[in-house]
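Residue numbers (this note's numbering), protein chains in the order written: chain A, 1 to 113; chain B, 1 to 115.
Just so you know, not all the hints are guaranteed correct.
Result set (DSBU-like, lysine-lysine): computed pairs, CA atoms no more than 35 Å apart in a straight line [unchecked claim]:
no., chain 1, residue 1, chain 2, residue 2
1, B, 71, A, 57
2, B, 71, B, 42
3, B, 107, A, 9
4, B, 71, B, 107
5, A, 57, B, 56
6, B, 68, A, 9
7, B, 107, B, 68
So the derived list for chain B, only partly shown, Cβ under 8 Å to chain A, looks like this [claimed, not checked]:
no., residue
8, 29
9, 32
10, 42
11, 44
12, 46
13, 49
14, 56
15, 89
16, 102
17, 105
18, 108
In silico negatives: residues of chain A with every beta carbon more than 10 Å from chain B [stated by the list, open to error]:
no., residue
19, 2
20, 8
21, 18
22, 22
23, 52
24, 65
25, 67
26, 69
27, 71
28, 77
29, 95
In case anyone wonders, no lab produced these hints; they're calculated from the structure.
We put the CB at the ideal spot given by N, CA and C, even for glycine.
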Amino acid sequence: DSGVTQTPKHLITATGQRVTLRCSPRSGDLSVYWYQQSLDQGLQFLIQYYNGEERAKGNILERFSAQQFPDLHSELNLSSLELGDSALYFCASTSGSRADTQYFGPGTRLTVL
Amino acid sequence: GESVGLHLPTLSVQEGDNSIINCAYSNSASDYFIWYKQESGKGPQFIIDIRSNMDKRQGQRVTVLLNKTVKHLSLQIAATQPGDSAVYFCAEKGGSGGSNYKLTFGKGTLLTVNP
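Please model the entire structure based on the sequences and the hints provided.
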């Protein structure tokens, strides 16, 4: 158990809908990273937050957004969902702002029908 | 741009043998490398890391070797066990600027251990 929690574990929704994925980092960690994992793209970095502020952006679509709250949990919002958004979404956390050893949560499997 | 790739997408070994998983990277400025293990249905699990000022680092049954001259990283697993069956990812972190804040992952190697 990495200490990172994610909810929900599974999510099934329809195209055009909006969903919110939640992540709680390890106790004491200030950084949260979001990744998308699909069969053909591997693990793709989406976005990083450090202590409530956006720190780095990767291949995140404009339809996706994230935020980190004062209690350091983070939410990833996915809107206008498309079939191609079906994937595993992972969050990871680290104590500092740099991308050193990241501890991953169990992931949320999103299926868009 | 940055890229981290794997030489072999699949590797099959016999239980008890040693396994070697290879990874090539292209960013010569990368200063930190990590190996993750991902079992089916689970998130990536940290195995071992190495900084660019080192050539070798050992853990429990695992060794990571870094060859900066040819930009190559390898993970050696000694006495491979069935529980080692998983997908293994290498990841790198750039050494400056925005690349300091993200990991770039390779596509993964599937290791299968035959009893």
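Each hint tested on the structure:
1. Between residue 71/B and residue 57/A the alpha-carbon distance is near 25 Å, which keeps this suggested pair within the 35 Å criterion.
2. The hinted pair formed by residue 71/B and residue 42/B meets the criterion: a straight-line CA distance of about 29 Å does not exceed 35 Å.
3. Distance hint between residue 107/B and residue 9/A is fulfilled; the C-alpha atoms sit about 23 Å from each other, no more than 35 Å.
4. A C-alpha spacing of about 17 Å is found between residue 71/B and residue 107/B, which places the hinted pair at or below 35 Å, so the restraint holds.
5. For the proposed pair residue 57/A and residue 56/B, the alpha carbon gap of about 31 Å is at most 35 Å, so the pair holds.
6. Between residue 68/B and residue 9/A the alpha-carbon distance is near 39 Å, which puts this suggested pair outside the 35 Å criterion.
7. The hinted pair formed by residue 107/B and residue 68/B meets the criterion: a straight-line CA distance of about 20 Å does not exceed 35 Å.
8. With 8 Å as the threshold, the beta carbon of residue 29/B stays out of range of chain A, its nearest partner Cβ sitting at about 14 Å, so the hint is violated.
9. Contact between residue 32/B and chain A, as hinted, is supported at the beta carbon level, the nearest pair being about 7 Å apart and thus within 8 Å.
10. Of the supplied interface hints, the one on residue 42/B holds, with its beta-carbon coming within about 6 Å of a beta-carbon of chain A, less than 8 Å.
11. The beta carbon of residue 44/B comes within 5 Å of a beta carbon in chain A, closer than 8 Å, and the hint placing it at the interface holds.
12. At a threshold of 8 Å, the smallest CB-CB gap from residue 46/B to chain A is about 6 Å, leaving the interface hint in force.
13. Interface restraint check: residue 49/B against chain A, minimum CB-CB distance 6 Å, threshold 8 Å, status holds.
14. Evaluation of the residue 56/B hint against chain A yields a violated restraint, the C-beta minimum of about 18 Å exceeding 8 Å.
15. The restraint placing residue 89/B at the interface with chain A holds, with a minimum CB-CB distance near 7 Å, inside the 8 Å limit.
16. Checking residue 102/B against chain A: minimum C-beta separation of about 5 Å stays under 8 Å; hint holds.
17. Restraint check, residue 105/B versus chain A: the minimum CB separation of about 4 Å is within 8 Å; hint holds.
18. Given hint, residue 108/B at the interface with chain A, holds; its Cβ is 6 Å from that chain's nearest Cβ, closer than 8 Å.
19. Some Cβ of chain B comes within 10 Å of the Cβ of residue 2/A; the nearest lies about 7 Å off, and the non-interface call is violated.
20. Distance check on residue 8/A: its Cβ is at least 15 Å (rounded) from any Cβ of chain B, clearing the 10 Å threshold; non-interface status holds.
21. Listed as a non-interface residue, residue 18/A keeps its Cβ farther than 10 Å from every Cβ of chain B; the least gap is roughly 24 Å.
22. At the 10 Å boundary, the C-beta of residue 22/A stays outside the reach of chain B, the nearest C-beta of that chain being 15 Å off.
23. Its beta-carbon lying about 15 Å from the closest one in chain B, residue 52/A satisfies the requirement of being farther than 10 Å from that chain.
24. Here residue 65/A stays apart from chain B, with its beta-carbon at least about 18 Å from theirs, past the 10 Å limit.
25. The beta carbon of residue 67/A is kept farther than 10 Å from every beta carbon of chain B, the shortest such distance being approximately 17 Å.
26. Look at residue 69/A: its CB is around 20 Å from the nearest CB on chain B, clear of 10 Å, so calling it non-interface holds up.
27. Even its closest Cβ contact with chain B, about 21 Å, leaves residue 71/A beyond 10 Å, as expected for a residue assigned away from the interface.
28. Look at residue 77/A: its CB is around 20 Å from the nearest CB on chain B, clear of 10 Å, so calling it non-interface holds up.
29. Against chain B, the non-interface label of residue 95/A holds: every CB pair exceeds 10 Å, the least being about 13 Å.
Consistency with the previously given hints fails for numbers 6, 8, 14, 19, ordered from lowest to highest.
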